[in-house]
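S.K.: Below are the chains, spelled out letter by letter.
Number of protein chains: 2
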Amino acid sequence: MHQYFFFVSPDRIKDNLAELTDDDFRHCVQVLRKREGDEIALLDGIGHSYLAVIQSIGNKSCVCRIITRQQREKSLSAGISLGFGLVKNRALESIIRDAAALGVTAINPLNTQHSVKQAINSDRLKKIAVESIKQSGNFHLPEIGHVRSLPEWLAELPPKALRLLADIDGMQRIGDIFTKEPNSPVIVLVGPEGGFSEEETQSVVGAGFIPVRLHTHRLRTELAAVAGIAAVCALSS
Amino acid sequence: MHQYFFFVSPDRIKDNLAELTDDDFRHCVQVLRKREGDEIALLDGIGHSYLAVIQSIGNKSCVCRIITRQQREKSLSAGISLGFGLVKNRALESIIRDAAALGVTAINPLNTQHSVKQAINSDRLKKIAVESIKQSGNFHLPEIGHVRSLPEWLAELPPKALRLLADIDGMQRIGDIFTKEPNSPVIVLVGPEGGFSEEETQSVVGAGFIPVRLHTHRLRTELAAVAGIAAVCALSS
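Protein sequences appear in the order of chains A and B. Heads up, the first sequence is in this note's numbering, so the first residue is 36 and it goes up one at a time. Heads up, the second sequence is in this note's numbering, so the first residue is 36 and it goes up one at a time.
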């Protein structure tokens, strides 16, 4: 059975003190009924875990004294980032949960011609990502981007990454590419339900994305995202 | 945009006539308001699709005349089968949906020491699988096993398959294995929430399963199942 981690935002950690707030405070003190002097494990989402002792409990937060700090190497999926055409809430939450567990660095929902038009609740998505990293033992919280248009996102991409477009009509398999370029950062791009338009696909390919066939079947956006990330993880060393 | 398929059970196809029943009948006639003489596309779940014309509509079924029949080759994931420790309904349904879209041959829920004890609704699971193959353009309906105990399932496995156990403590990565044994049938086994017990892991390894580390993080059962299948798909040729 694995250790339970509480999440502490890095800006709540100063010297050897960490302040637990919000859901994690309530879960710790009200649900698990931890008391002053109890030992708990923390993670900060930027690569560290801590063993700490609860020093004082207030009404809305508790202060913990850090005893040991561990740094975890970035996982094998570090350097993978995900862009995807915005989908309905349930599928969106599933993407956030799974991509966070799989340890991607960044998750970017995109407005595209066929994507669902909706406001996203960033706080809720961050909570889902935090729960998922705690549960999976991932010490790195992915950055969840605000919703951007596809062209806006394309213009801001880092120049050196390997760019892969999940495309059922792609001529290459993901394995064909990875034998050649094993260890650079990877950006995986997945269309919304209904896919990218012809015009969008052209602009994506124009931006250097290689269309790769993840599967001979049409995968839903959330499944294609997971399958793409898992395939990159399996193939990178 | 892709073609919509109606599912016809193979035993409802005789000579050049196919009988649409149940949900597919209702969807075709009551929702989409198809009429006699209309053309529709069918799939039978054993590898064929059909172009057909509705010949007569009854109260509970309609008879279609088959015009052309197409046989689809097994997909790249044919020959992959999945065993997993039984999980709660929502996760179970997600596994069925995703594994069917990814084209596995068989899906086997297993009773294990840490798995959820529950009856499963086979009809509902089959419906989910049918919807998923229609949606993904998979022409092959996976066989969904009844719930068996782990030892019972182990005793009935085909002898020649490559056996992979998803195990965060595994010494090998999935890519290490696939460079050696590329094209045999593959069985992917995933533990329930809480994992296999020590004793179960020993019996599984004793049955020839190779513990492979899909990821450095702990993946939930449903995510491990998809990640494992996707990795095998990415690595098989």
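Quick caveat, the hints were computed from the structure, so don't treat them as lab data. It is possible that part of the hints are untrue.
It does not matter which identical chain is used: a pair holds within one copy or between any two.
[Unchecked claim] In silico SDA-like links for lysine to any residue, alpha-carbon gap of 25 Å or less:
#1 109 with 232
#2 123 with 89
#3 152 with 72
#4 162 with 229
#5 123 with 62
Note that this is a predicted model, so its numbers are computed, not measured.
S.K.: Each hint needs a verdict: does it hold in this structure or not?
M.R.: Here is what the structure says about each hint:
{"no.": "1", "hint": "109 with 232", "result": "neither (35 Å within a copy, 29 Å between copies)"}
{"no.": "2", "hint": "123 with 89", "result": "neither (40 Å within a copy, 34 Å between copies)"}
{"no.": "3", "hint": "152 with 72", "result": "neither (49 Å within a copy, 38 Å between copies)"}
{"no.": "4", "hint": "162 with 229", "result": "between (28 Å within a copy, 23 Å between copies)"}
{"no.": "5", "hint": "123 with 62", "result": "between (29 Å within a copy, 23 Å between copies)"}
The structure does not agree with the numbered hints 1, 2 and 3 stated previously, though it agrees with the rest.
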